[in-house]
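J.: Listed below are the residues making up each chain.
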Amino acid sequence: MKLYEYQAKNVFSKAGIKIPKSVLIEKNEELENALIEIGVPCVVKSQVLSGGRGKAGLVKFTKTKEEATLETKRLFEHELNIKKILIEEAVNIEKEIYVSMTVDPYLGTGLLIVSAEGGIDIETLAVTQPDKIIKEPIDLRYGLMPFQASRVAYSLNQPKVVTKALIKLFLNLYNVFKKYDAELVEINPLFITKDLEVIAGDGKLMIDDNSMFRQPEFEKGQSDYKSVAEFEAAKEGIPFIEFDGDIGLMCAGAGLTTTVYDLIHYEGGTIANYLEFGGPHYKKAVKAMEICLKVPSKVILIVTFGTIARADVMAEGIVEAINRLKPDRPIVTCIRGTNEQEAVKILRAAGLQPLFDTEEAVRKAVEIAKGGTQ
Amino acid sequence: MSIFIDQNTKVCVQGITGKEGSFWTKHMIELGTQVLCGVTPGKEGQFIEGKPVYNSVKKAVEHHDIDASMLFVPPKLTKDAVMEALDAGIKKVVTIADGIPLHEMVLIRQAAKEHNAMVVGGNTSGVISPKLAMMGSFPHWIERVYKKGNIGVMTRSGSLTNEVTAMIVAAGYGVSTLIGVGGDPVPGTRFAEFLPLYEADEETEAIVIIGELGGTMEEEVADAIKEGILTKPLVAFLGGRTAPKGQKMGHAGAIISGGKGSVEDKIKALTEVGALVAERPRLVGKLLEQLNVPKK
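Chains as they are written, first to last, in our numbering: chain A, 1 to 374; chain B, 1 to 296.
So here's chain B without its partners, still in its complex pose:
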């Protein structure tokens, strides 16, 4: 099992005819993802990797039973593309675009909530269930990162995903599903909103979150543990512990604001509810062992 996506998830790719779109569609299929079709306005009739291209998402869902839409669409066009997917009734959308205007991301988040849908991203690599399927741009062929296993991973950072997940794998573990929620200040879906899915997933036996300074997503995870929404063990790695206050460094979302969001606050919130926080990426595996998470 896994969450959000597996070998049975039927995927449509918006922007499939672009350079990025066609490149990653090939890799998504290679991993086992069921990509059924693509959408690029004006390119209907073409085929990419043998999959038909349609002019609109609506037309795509008329011809195929679609569960999820993967967007390879530039940031300026992302809001429209997400709205199109939601309008067509799709409940899972992943956007990797880096540079979506802030106010548009707010509208995307709002629309997703109103449609009872999950929009993952932007500014992320997407979602991957190793050896099964992915929506996004992961180098799934790097075995020392994308190994199948029983750890659910969520991350705000693409580059840290490799660094931390490689350490999880080095410690003898693997990943059930890895979700990149993205590095922007307003992600479409937040860490805590995936926890019920991980909690229900039999394969996932522990969660690792890769967070950083800024925002309140890690604190919301602590709240979810306190409320009993997540009962599985959780280990966090948080970047930016020594970052200077008020300095924008790293992700746009990674700034301490409103008196909230320092790494100290996050560590306090998480440790108070029994989660463990690793000071260094290397220690994530050790802490999983400490929590008696079996190696699978």
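In isolation and in its complexed conformation, chain A is listed as follows:
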């Protein structure tokens, strides 16, 4: 789960990492009070989960109250449906540094990543100047050791007071990484101010989804989802993403669903939604179809090749879903796996024309979406 900047910064602050003074607002009327506290110049930062906010014009430096008011209004009216804006004090920046922690799947360690070239896209830097990036593996049994934090900090050649602050920051950041089961915790940029203070200019915190059971602090509400369908899928634990194409996917397994997604594109089709109802959800066909039907689409394509998730059980679920929900659009099925012959019988008895080959099913769905006959 990816947290918003303001949430990440709250976590940082509690962990002893300095953050700029800020006020979170949810409507234009709240700006006035926020500005009394923060003053101008200030930074108006929309709270969205996508990266590259600066380039997209979603973060604005404003010099006057009028400017701040205009930008706030513009952002609240933005098509991205921005619900929260962070009004943050402007900091006197001397230098920007990049800091993050993640895991190294190959080494089997944590990884502290630091670069003196902060503020820019680290992925670009990794390609253009990999030698400017310091990587310190962290043995997760012991955590980040003070000597490691110190070694990395000293290698940045900063004034002594900054170096000391950086050592503390790395250690504090590790505490966040560990406590919140982070997949990634990132400060980019980390400001070094003209007064030689070290302050987190931005905050990114991604909690490992498999660890959410022990992170009750962050539960998503309906407003965190793009649509009602996405919220309902999440409540059921069903992986689901909404797009704006023609074909609704209801497939089993991450790899297969992703492949069907590719095949549809190869055949010139477009996707209305991605949905997985395999694995632990294979008996949830009714719920899965209900979610699919909430998304505008021209056809629903069901592809499975079940192992533990038996084909006949899935077929029964699909027939039940059709009987109960009476879908207003055609359904293409391609159900294989354990007891597949039985599955075919069940689908035929319900008046469907089951297909047995993924590519054939994909072509059929694309044809229907393009206005062909069922």
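Take these hints with a grain of salt, some might be off.
Stated by the list, open to error - Simulated crosslink set (BS3-like; lysine-lysine; CA at most 30 angstroms straight-line):
1. B/K226 x A/K135
2. A/K345 x B/K131
3. A/K204 x B/K76
4. A/K178 x B/K245
5. A/K135 x A/K18
6. A/K132 x B/K245
7. A/K178 x B/K91
8. B/K268 x A/K132
9. B/K148 x B/K131
10. A/K135 x B/K113
11. A/K55 x A/K2
12. A/K2 x B/K245
13. B/K76 x A/K179
14. B/K245 x A/K298
15. B/K245 x A/K370
16. A/K287 x B/K245
17. B/K19 x A/K235
18. B/K76 x A/K284
19. B/K19 x A/K287
20. A/K220 x B/K245
21. B/K268 x A/K135
Claimed, not checked - One side of the interface only, derived from the structure: several residues of chain A facing chain B at Cβ under 7 angstroms:
22. P105
23. L140
24. N210
25. S211
26. H265
27. F305
28. T307
29. T338
Unchecked claim - Distance ranges between label pairs, derived from CB positions:
30. B/Q247 x A/V40: 32 to 40 angstroms
31. B/R144 x A/S150: 53 to 61 angstroms
32. B/T271 x A/K160: 48 to 56 angstroms
33. A/A126 x B/T271: 20 to 28 angstroms
The set of hints was computed from the structure by calculation and includes no laboratory data. A virtual CB, placed ideally from N, CA and C, is assigned to each residue, including glycine.
We have chain A; now place chain B onto it with these hints.
T.: Same frame as chain A, now just chain B:
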């Protein structure tokens, strides 16, 4: 022959008394797997499928000569169960658990390396050498997927395993050993780490990897080919070629990050060293033919 597991591999099942554990133990034995015993704390004295249950792995290895441990243990308890197997000196562990916390998977990978052991998984169906033995939850009875032959298969995806392997079999081939390394961002053992075993296996004449976007496992395979660790022909199928960038779709490991891991990068790395990449599952068999892999 095969790799990792065959009819002679002596297996212990941790979590054997659970619903999943007992169900799949039955099927593992049915296929020919030598399951000698099981472990569930507090259930010592019971028998599952005629196999004795012990309170600890240590006790199991005191009574039996064990080569490998199969885990049917919930994700939250997996780290402990893996550590218990490693502590008892077992060098091959398979865990199918889906949902192992990331930081715990890192510790599992680290411990496996330190013990010079191989931990397969999690988030996988396991390992199967068709007609010989399996550790995991494969429907080995589906003949058009689990046919014995000369192709070594490795996969990150359970659902694609059936889709792609069915195509390999449809083209007239069969499988020597299929290893599901799993769909998590940190698998216990990575694709490239199995290559020396496949290279040494006489029965395996070609490798198929079923990969996807995200991570660098496919690139590591390309490196191994370049270094001569694998000299046998290799065909890859990679899912997620058209997946939107930055969108988490499919497996947790399947996201492009750190500027690495796009399917284009993987195709480039693999084709540069002479491997072939199939655009569609159906084409995997054709590419094996193109590489003159005999049908056995």
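J.: All hints are to be evaluated individually against the structure, with a verdict given for each.
T.: How the hints compare with the structure:
no. : hint                                : verdict
1   : B/K226 x A/K135                     : 26 angstroms, holds
2   : A/K345 x B/K131                     : 29 angstroms, holds
3   : A/K204 x B/K76                      : 26 angstroms, holds
4   : A/K178 x B/K245                     : 27 angstroms, holds
5   : A/K135 x A/K18                      : 23 angstroms, holds
6   : A/K132 x B/K245                     : 25 angstroms, holds
7   : A/K178 x B/K91                      : 29 angstroms, holds
8   : B/K268 x A/K132                     : 26 angstroms, holds
9   : B/K148 x B/K131                     : 6 angstroms, holds
10  : A/K135 x B/K113                     : 21 angstroms, holds
11  : A/K55 x A/K2                        : 20 angstroms, holds
12  : A/K2 x B/K245                       : 16 angstroms, holds
13  : B/K76 x A/K179                      : 16 angstroms, holds
14  : B/K245 x A/K298                     : 25 angstroms, holds
15  : B/K245 x A/K370                     : 26 angstroms, holds
16  : A/K287 x B/K245                     : 28 angstroms, holds
17  : B/K19 x A/K235                      : 26 angstroms, holds
18  : B/K76 x A/K284                      : 24 angstroms, holds
19  : B/K19 x A/K287                      : 25 angstroms, holds
20  : A/K220 x B/K245                     : 23 angstroms, holds
21  : B/K268 x A/K135                     : 26 angstroms, holds
22  : P105                                : 4 angstroms, holds
23  : L140                                : 5 angstroms, holds
24  : N210                                : 5 angstroms, holds
25  : S211                                : 4 angstroms, holds
26  : H265                                : 4 angstroms, holds
27  : F305                                : 4 angstroms, holds
28  : T307                                : 5 angstroms, holds
29  : T338                                : 5 angstroms, holds
30  : B/Q247 x A/V40: 32 to 40 angstroms  : 37 angstroms, holds
31  : B/R144 x A/S150: 53 to 61 angstroms : 60 angstroms, holds
32  : B/T271 x A/K160: 48 to 56 angstroms : 52 angstroms, holds
33  : A/A126 x B/T271: 20 to 28 angstroms : 23 angstroms, holds
Violation of the numbered hints given earlier is absent; every hint is satisfied by the structure.
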